[in-house]
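Protein chains in written order, with our numbering: chain F, 1 to 263; chain Z, 1 to 263.
What the hints contain is simulated information worked out from the structure, not anything from laboratory work. Don't take each hint at face value.
Same chains, same names: a pair is fine if it fits in one copy or spans any two.
What the hints assert, rightly or not - Below, a list of computed lysine to aspartate or glutamate pairs in the EDC-like style, where the Cα atoms sit at most 20 Å apart: (1) K45 - E11; (2) K2 - E28; (3) K45 - D80; (4) K2 - D218; (5) K2 - E33; (6) K143 - D92; (7) K2 - D202; (8) K2 - D38; (9) K43 - E127.
Number of protein chains: 2
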Amino acid sequence: MKVFVVFAHPEPRSLTGSLLRVTVDELEAQGHEVRVSDLYAMKWKPQLDRDDFPQHPAEEPLSLTTASAAAAASDSHTEDVKREQEKLLWADAIIFQFPLWWYSMPAILKGWVDRVFTSGFGYGLGEYNEKHWGDRYGEGRLKGKRAMLIVTVGASSQQYSARGIAGPIEDLLFPITHGMLFYTGVDVLPSYLYWMAYRSNDEAFQAAADELRQRLRDLPVTEPIPYRHQNAGDYEIPSLLLKPGLENSSDSGFSLHRRTTNE
Amino acid sequence: MKVFVVFAHPEPRSLTGSLLRVTVDELEAQGHEVRVSDLYAMKWKPQLDRDDFPQHPAEEPLSLTTASAAAAASDSHTEDVKREQEKLLWADAIIFQFPLWWYSMPAILKGWVDRVFTSGFGYGLGEYNEKHWGDRYGEGRLKGKRAMLIVTVGASSQQYSARGIAGPIEDLLFPITHGMLFYTGVDVLPSYLYWMAYRSNDEAFQAAADELRQRLRDLPVTEPIPYRHQNAGDYEIPSLLLKPGLENSSDSGFSLHRRTTNE
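One chain only, chain F, in its complex shape (with noise of 0.2 Å):
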């Protein structure tokens, strides 16, 4: 397989650091081509403004998603951005490699999606009718490729259980497996957490480590969460509403969103 790794921590040496070199020895072992993007290594723009478009007219107001679209038509996306749309479409697997910083992304990642996910690529896509609302929800340029989060967190897995007081951390993550990664079409796996970073140790990293590579190495075969399509007949369209009764009738909120075992 061909791997993309998008890794944001500002330090190599950090424990999050250690984790991206066990995660491209493991999948260069494998056999697997590897690329990766070190977003503060490559000093990447965080913020999406104007100067993600500079064909647009100076004084005319900043729509984003016409300024997108135009710039897509014309082919004048800045180098940075297409680069970085060049990689997800050459893989097969892509890997958001990241510590949670306020129960998300640390803003250089969320920067990368705001940026890269352009009209056309990550939005924006598909006929929009009675039957079809988009290529979008499992349907999009990226259909066909899987992903997943490695995400470090400072606290306890207990903090993050279902009555965890932080929130259950697959509902944290939803946003972004969900949201942004299914949204453009992929399959996304169950996240690898790594817990207690704060309070890590050789023994514990050790252990870590060894169940991040068993992960890697089931990458090609690991079943993705059941997130449901958009446009295969589980949604009302174009309300979007999850149509009555096929839910388990403990099921709310997110976890409407996936297949039960009966479907």
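We have chain F already, so just place chain Z on it with the hints.
For chain Z alone, coordinates are given in the frame of chain F:
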């Protein structure tokens, strides 16, 4: 009241920019003092990195929590971070105003949180013992202040409703309302949402602006979201699991962390 608005949109002539003017005008009409951090106009640096810790030795690996605590102890945070912290301490109410990009805040605003909520200011406060697990989730430096999100959303409210494909908006915003704001001690009010921003018109804008003005008039008296305080008895310490039996039978996930009407 003193109201601090943190604004994140690259185009002042956008719908989100127009809503900022509604916000500031209405708050001032009510006699409040208003300060605005317009992050794009300020050319706010989004990424948390080594430049945030000018006193950190160049050859030493950067541990962000350690470097942040050391910078606090020696009063050596960068001037831009100090100014934002001063505005937060000045304010009685804090407003984050932004467009929803990829189910979250724009990178520049996430980077404002990453950089301004430093150790000793946003986290790492108070005692950690068997009865009290730090000053957080309802306690902290910003305790007693109120906050509200004003969010512009491209699509319809249905897509973000209980059964909508994107997931309930209050759950998508939970990492911000609960994880960033309530964590630092702030009482968070229900968010104001502007729906269908991609297809807005004058009539829709005026109606939404009227609703926003009413929400702003009610800012001092609106009931906050009843998130559970960490150290007030609802959670086991140190596991931080919600104690059994406190919730309604229909609650799960994020909703567990709101007090029920019976409590």
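- From the Cα coordinates, with 20 Å as the cut-off, is the pair K43 and E127 best called within, between, both, or neither? neither (37 Å within a copy, 38 Å between copies)
- Task: At 20 Å max between alpha carbons, let me know whether K2 reaches E33 within a copy, between copies, both or neither.
- Result: within (5 Å within a copy, 55 Å between copies)
- Item | Intra- versus inter-copy proximity for D92 and K143 (alpha-carbon distance at most 20 Å) | Close inside one copy (10 Å), not across copies (47 Å); limit 20 Å.
- Can you tell me if K2 and D38 fall within 20 Å by alpha carbon in one copy, between copies, both or neither? Classified as within; 17 Å inside a copy, 41 Å across copies.
- Query: What label fits K2 with E28 when the C-alpha limit is 20 Å: within, between, both, or neither?
  - Reply: within (10 Å within a copy, 56 Å between copies)
- Item | Intra- versus inter-copy proximity for D218 and K2 (alpha-carbon distance at most 20 Å) | within (14 Å within a copy, 54 Å between copies)
- Between copies, within a copy, both or neither: which fits K45 and D80 at Cα up to 20 Å? both (9 Å within a copy, 19 Å between copies)
- Message: Within, between, both or neither: how does the pair K45, E11 come out at a Cα-Cα threshold of 20 Å?
- Response: both (17 Å within a copy, 18 Å between copies)
- Between the shortest in-copy and the shortest cross-copy C-alpha distance, which are at most 20 Å for K2 and D202: within, between, both, or neither? Close neither inside one copy (30 Å) nor across copies (49 Å); limit 20 Å.
When each numbered hint is compared with the structure, violations occur for hints 7 and 9.
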